[in-house]
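**Q** Listed in order, the protein sequences are those of chains A and B. Counting from 8, one number per residue, gives the positions in the first sequence under my numbering. Counting from 447, one number per residue, gives the positions in the second sequence under my numbering.
Treat the hints with care, as some may be off.
[As the list claims (entries may be wrong)] Chain B side only, calculated, beta carbon under 8 Å to chain A, not exhaustive: (1) N463; (2) L491; (3) V495; (4) G502; (5) K504.
Bear in mind the hints are in silico, worked out from the structure with no lab data behind them. All residues carry an ideal CB built from backbone N, CA and C; glycine is no exception.
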Amino acid sequence: MSIRISTYCSFRNNQIKLNGEALLAKGVEVTFNEFIKSAYDLNASPYLKFFKMDDLCKLAFIASEFLLKNRKPSEQYGAENVSLLFANTSSSLDTDINYYNTVKDFASPSLFVYTLPNIMLGEISIRNKFKGENAFFVFEHFQADFLCNYATQLIQEQKAKTVVIGWVELLKENYEAFLCLAEETADGTELTKENLNTYYNGK
Amino acid sequence: MDALIAKLKTQIIEQLNLEGVSPEDISPDDSLFGEGLGLDSIDALELIVLLEKNYGLKIENPAEGKKIFATIRSIAEYITAHGKA
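Whenever a hint applies, use it, and build me the whole structure from the sequences.
**A** Following this line, the structure appears as structure tokens:
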């Protein structure tokens, strides 16, 4: 069997799409906080820690909830065989700025813990009981070739049996999330740079 | 004391982003950590900031903190005892 993209989802322009199908669409006047709260409500799986996360983690977390809604990769493959491979452009800058603004008065511990972009991987891993390798990279733009090659190598070298690939970008009101699940399966679309780019671009 | 307890409940809900929790949901004698309100170690740090920011009280001894932050009532008693209510 070849490595394929079995499921994918995107959050952009106040819309959520899962495998190309629109699940939620809000108008442009809706703020990020309103949009992500609607997404949380739609997901209908209570997780109170969500409300303590920074915006970047909220975005990554809810996107992963939609992606994995009907999947239990840790049960199917074993917790150690599920990897996370994420990237973005602005790292954790949004929260870094918010934290810096609290330092002038009383530094916020709850903001400080989110001043690293890879915290989102921890939040997703805790939620889904993933214990596999995880990595976070900062790129100028979406790098389909790098993500495709890295995920393929993880699976081919038996470091993982499935990889959640994610691009989760957020700075103020500008946000975008694209997540997909790569695994050796008969279903889905072959994991290639071209196909990853096609799904990322919303086709 | 009752007024301070009511004020503390509101401040804690706001400071710790306790979504879906109202002041009426919290008994003054409920444990804040573990089985009670289920707060974690980061919440404990936020409570320390809350006391310093709103009441000018600094807690520097971790052992003391565990006792002070046991319940809403114990926090209120600490604030009252230190004349900052």
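**Q** Run every hint past the structure and note whether it holds.
**A** Now for the hints, and whether the structure bears them out:
1. Nearest Cβ of chain A to the Cβ of N463(B): about 5 Å, under the 8 Å cut. The hint holds.
2. The interface hint given for L491(B) holds, since its Cβ lies 4 Å from the closest Cβ of chain A, which is under the 8 Å cut-off.
3. A cut of 8 Å between beta carbons decides the hint on V495(B): the least distance to chain A is about 5 Å, and the hint holds.
4. Checking G502(B) against chain A: minimum C-beta separation of about 12 Å lies over 8 Å; hint violated.
5. At a threshold of 8 Å, the smallest CB-CB gap from K504(B) to chain A is about 11 Å, leaving the interface hint violated.
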